[in-house]
Every structure is written in structure tokens, then in C-alpha cells.
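Engineer: Each chain is listed here by its residues.
2 protein chains.
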Amino acid sequence: MKVTDLTHSIYSEMPVYPGTEQPIFQKANTLEKDGFQEAKITMYSHTGTHIDAPAHMLKNGLYLDDFEIDQFIGKAMIIDFSKVKTPYMELDQLRPYEEKIKSVDFIILKTGWSKYWGKPQYYENFPSLTEEAAHWLSGFKLKGIGIDAISVDDMKTATFAVHKLFLKKDILIIENLTNLESIDNEDFIISIMPLKTKHADGSPVRAFSIT
Amino acid sequence: MKVTDLTHSIYSEMPVYPGTEQPIFQKANTLEKDGFQEAKITMYSHTGTHIDAPAHMLKNGLYLDDFEIDQFIGKAMIIDFSKVKTPYMELDQLRPYEEKIKSVDFIILKTGWSKYWGKPQYYENFPSLTEEAAHWLSGFKLKGIGIDAISVDDMKTATFAVHKLFLKKDILIIENLTNLESIDNEDFIISIMPLKTKHADGSPVRAFSIT
Numbered sequence: 007m008k009v010t011d012l013t014h015s016i017y018s019e020m021p022v023y024p025g026t027e028q029p030i031f032q033k034a035n036t037l038e039k040d041g042f043q044e045a046k047i048t049m050y051s052h053t054g055t056h057i058d059a060p061a062h063m064l065k066n067g068l069y070l071d072d073f074e075i076d077q078f079i080g081k082a083m084i085i086d087f088s089k090v091k092t093p094y095m096e097l098d099q100l101r102p103y104e105e106k107i108k109s110v111d112f113i114i115l116k117t118g119w120s121k122y123w124g125k126p127q128y129y130e131n132f133p134s135l136t137e138e139a140a141h142w143l144s145g146f147k148l149k150g151i152g153i154d155a156i157s158v159d160d161m162k163t164a165t166f167a168v169h170k171l172f173l174k175k176d177i178l179i180i181e182n183l184t185n186l187e188s189i190d191n192e193d194f195i196i197s198i199m200p201l202k203t204k205h206a207d208g209s210p211v212r213a214f215s216i217t
Numbered sequence: 007m008k009v010t011d012l013t014h015s016i017y018s019e020m021p022v023y024p025g026t027e028q029p030i031f032q033k034a035n036t037l038e039k040d041g042f043q044e045a046k047i048t049m050y051s052h053t054g055t056h057i058d059a060p061a062h063m064l065k066n067g068l069y070l071d072d073f074e075i076d077q078f079i080g081k082a083m084i085i086d087f088s089k090v091k092t093p094y095m096e097l098d099q100l101r102p103y104e105e106k107i108k109s110v111d112f113i114i115l116k117t118g119w120s121k122y123w124g125k126p127q128y129y130e131n132f133p134s135l136t137e138e139a140a141h142w143l144s145g146f147k148l149k150g151i152g153i154d155a156i157s158v159d160d161m162k163t164a165t166f167a168v169h170k171l172f173l174k175k176d177i178l179i180i181e182n183l184t185n186l187e188s189i190d191n192e193d194f195i196i197s198i199m200p201l202k203t204k205h206a207d208g209s210p211v212r213a214f215s216i217t
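So the sequences go chain by chain: A and B. Per my numbering, the first sequence starts with residue 7, numbered consecutively. Per my numbering, the second sequence starts with residue 7, numbered consecutively.
Check each hint, because a few of them may be wrong.
The list treats identical chains as interchangeable, and a pair is accepted whether it falls inside one copy or across any two copies.
[Claimed, not checked] EDC-like cross-link-like pairs, simulated, lysine to aspartate or glutamate; straight-line CA separation at most 20 Å:
1. K81 x E27
2. K8 x D71
3. K121 x D176
4. K174 x D160
5. K46 x E104
6. K65 x D40
Derived from the structure by calculation, the hints contain no laboratory data.
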């Protein structure tokens with residue numbers, strides 16, 4: 007069993023989605039005072055490598071705690087767009103994977119953008135799904151769709167159209183994945199277990215693969 | 007693949023360790039204002055079902071982010087103390103499992119105390135390990151030791167002697183597990199993946215088993 011970490015670190019100065027705040031770490035208990043050390047951590051529900059519940063975008067959408075735990079683990083495949091020189095991930099590029107897609111629970115879109123984590127370029131010009139491609143993907147019985155970039159939507163639009171296409175079908179969205187180049191198997195298991203907070207519109211996760 | 011959730015929910019009024027604080031949930035972004043919903047969550051690093059790093063108790067102990075990711079997943083066994091009518095989990099009760107213990111990465115001590123979650127009794131009189139038993143267990147090559155109670159140490163002592171015996175050997179401690187009665191296999195995989203915060207003295211986890 008080979009376990010591969012697909013998660014960015016969480017730290018005070020980390021990149022966050024525009025309009026949200028960086029995490030705050032405070033010393034709450036100390037060895038000197040209490041005999042044990044604890045941190046008090048303040049963070050947004052979509053910090054770092056995280057997942058989106060339908061309730062993140064949809065008025066009557068499900069929260070993460072409305073799903074069975076099986077939703078957060080399953081068979082996965084990577085579709086590699088890191089060498090494709092187009093600003094969009096389009097339907098014609100996905101069609102060849104149709105049969106394979108039917109056999110998995112999670113699609114992971116590899117853009118290669120994780121190498122820009124912490125740089126201004128991380129927020130710019132990453133390949134994003136066209137609405138047509140997202141609509142087609144949302145027709146499969148998927149548990150989730152992941153990406154190694156800040157969003158599945160183009161940052162220049164404010165409609166979150168691609169998010170909504172997936173979330174309407176209760177397909178979770180995993181953003182800010184990293185280290186996808188370390189997965190060398192075509193078939194693998196991915197785990198994206200969220201924290202078990204109540205009414206979770208999203209959660210930071212420790213995403214990992216098992217091959 | 008059967009996945010079983012071994013995690014308590016995280017909510018404002020939840021039980022926490024004496025001397026620490028309950029989590030706080032705030033609405034940070036809303037559908038009305040921002041087009042998406044996010045929560046700002048403040049919580050201690052040892053909230054709910056969580057794991058302890060050596061740095062939680064030891065001056066030069068490792069943080070969770072000092073371990074390889076393999077440390078947080080592996081073969082596990084349950085030792086059932088829920089029907090034993092003694093206040094301690096003693097060495098003589100563990101010895102019969104010696105050969106089996108050598109074959110696993112995680113020992114899970116089942117006290118049955120998870121049924122008292124949210125009640126005053128949760129903090130009282132749960133079976134705790136004797137120092138002799140903990141010393142013996144810490145001699146095995148284990149990744150972690152878990153319990154379905156608030157601590158592996160007797161709450162009436164303030165020395166955390168049992169914690170320290172394990173943490174000195176870089177054996178992680180998992181506390182506040184629940185739902186152990188749903189694991190019906192003798193052999194199973196447990197995952198206790200922490201958040202990937204920097205200098206993590208501990209982390210809430212979504213613990214689960216795979217059988």
C-alpha cells in the first residue's frame with residue numbers, strides 16, 4: 007500500500023481565495039503553564055486543499071454532513087491537461103475517456119498549476135472547464151471532481167457556473183490539490199475525508215491517494 | 007470496501023477537554039452577499055475525535071507535520087475492555103494479544119465510554135491504562151494507540167504519564183473515537199489523517215475504518 011499526500015500545508019501566510027481570510031494560529035495551552043500544548047486555530051471552511059458541499063453555492067444544497075461517509079473515498083482517475091496549451095478544458099478533450107470515467111467515482115483534473123502555489127500566477131490563467139464540458143461530466147455518477155488549481159471555474163467569471171453544474175448533481179468539488187505528479191498508477195483510491203462539523207458548507211481535508 | 011465513520015460531530019456545544027474551549031462557528035460569506043457560503047471556524051487543535059503529536063506533551067517532541075503520511079493509516083485491531091469490570095486496563099489483560107499486536111500498526115482500546123458523549127459521565131471512571139500496561143505496549147512498533155474515551159490517562163492524575171510513555175516512542179494517541187461497535191472484522195485498516203497545519207501539536211481528524 008503506497009500512500010501519497012495530495013495536500014498543501016496550512017500556515018498563516020498561505021494563499022487563500024480572494025475575499026476570504028488567511029488562517030490564524032494562537033497558542034492556547036503551553037507546556038509551561040498547562041503541562042500540554044494546544045493551538046487555537048481560526049480558519050475558513052474552504053482553506054487550502056478543501057472540498058465544496060452543494061450548500062456552498064446552492065440555496066437548498068446538501069451540507070457535507072448530509073452525505074454518507076462513502077461519498078468521501080473511492081476509485082479515481084487523473085485526466086492530464088498539464089501539457090495541453092489551451093486555456094480551457096473542453097468536451098472534445100474529455101470524450102476519449104468516456105468508458106474509463108464510467109468506472110470511477112472521482113475525476114481529478116491535472117492542470118499543473120500547483121507549482122505556482124504561493125505566487126501571483128496561481129490565480130491566473132489556469133485551465134478551467136467549459137460549461138459544456140462540465141455539463142457532460144456532471145452526467146456521470148461521480149462522487150467528486152478535483153483540480154490542482156484554486157477553482158474549477160474561470161476566475162474571470164463571477165457566476166460559478168461550473169461549480170453549480172456539479173453541485174446540483176451532488177458531485178463534490180475538491181480544489182487546491184497538489185503533488186499529482188507523484189501518482190504513477192492509472193487506477194488509485196482517493197480519500198478526501200472532511201472534518202465532521204455540523205452544517206459544513208465545505209472543509210479543509212487531508213487528501214491522499216492509495217495505490 | 008466497507009467504510010465506517012469513527013468520529014464524533016464537531017458543534018458549538020460539544021464536550022471538550024477541561025481547560026480548553028468549545029469551537030466557534032461564524033458566518034463569513036453568505037449566498038446573499040457573496041454568492042457563496044463559507045464559515046469561519048475557531049477550534050482547538052485537540053477538538054473532538056483528534057490525535058496527539060509528541061509535541062503536545064514533550065519539550066522536544068515531533069509535530070504531526072514531522073511524520074511521513076504513512077504514520078496516519080495502517081492495520082489495526084480492537085482490544086475490548088467494554089465488558090471488563092475494572093477501572094484499569096492492565097498488563098495481564100493485554101498479554102494474551104501479544105502475537106496479534108506484533109502484526110498491527112494501531113491498537114484501539116474499546117472502553118464503551120463513547121455512549122456517554124455529552125454527559126457528565128463521559129469524564130468519569132472510564133477504564134484507563136496502568137503505567138505498567140502502557141510501558142509494555144510502548145515497546146511494540148506501533149504507529150498509534152486509540153481510545154473511545156476522553157484520555158488514555160486517568161483524569162484524576164495530572165502527570166499524563168501514559169501519554170508521555172507513548173509519545174516518547176513517537177506513538178500517536180487518538181482520543182474520543184466512537185462507533186467502534188460497528189467494526190465487526192478482526193482485521194481492518196484505520197485512517198486518522200490530520201489537517202496539514204504547520205507545527206501541529208495535534209489535529210481534529212475524521213477517523214474511519216476500512217474493512
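Engineer: Are the hints correct? Go through all of them and say.
Structural biologist: Checked hints:
{"no.": "1", "hint": "K81 x E27", "verdict": "neither (33 Å within a copy, 38 Å between copies)"}
{"no.": "2", "hint": "K8 x D71", "verdict": "between (29 Å within a copy, 18 Å between copies)"}
{"no.": "3", "hint": "K121 x D176", "verdict": "neither (29 Å within a copy, 32 Å between copies)"}
{"no.": "4", "hint": "K174 x D160", "verdict": "within (18 Å within a copy, 49 Å between copies)"}
{"no.": "5", "hint": "K46 x E104", "verdict": "neither (46 Å within a copy, 39 Å between copies)"}
{"no.": "6", "hint": "K65 x D40", "verdict": "between (44 Å within a copy, 13 Å between copies)"}
In summary, the numbered hints that this structure violates are 1, 3, 5.
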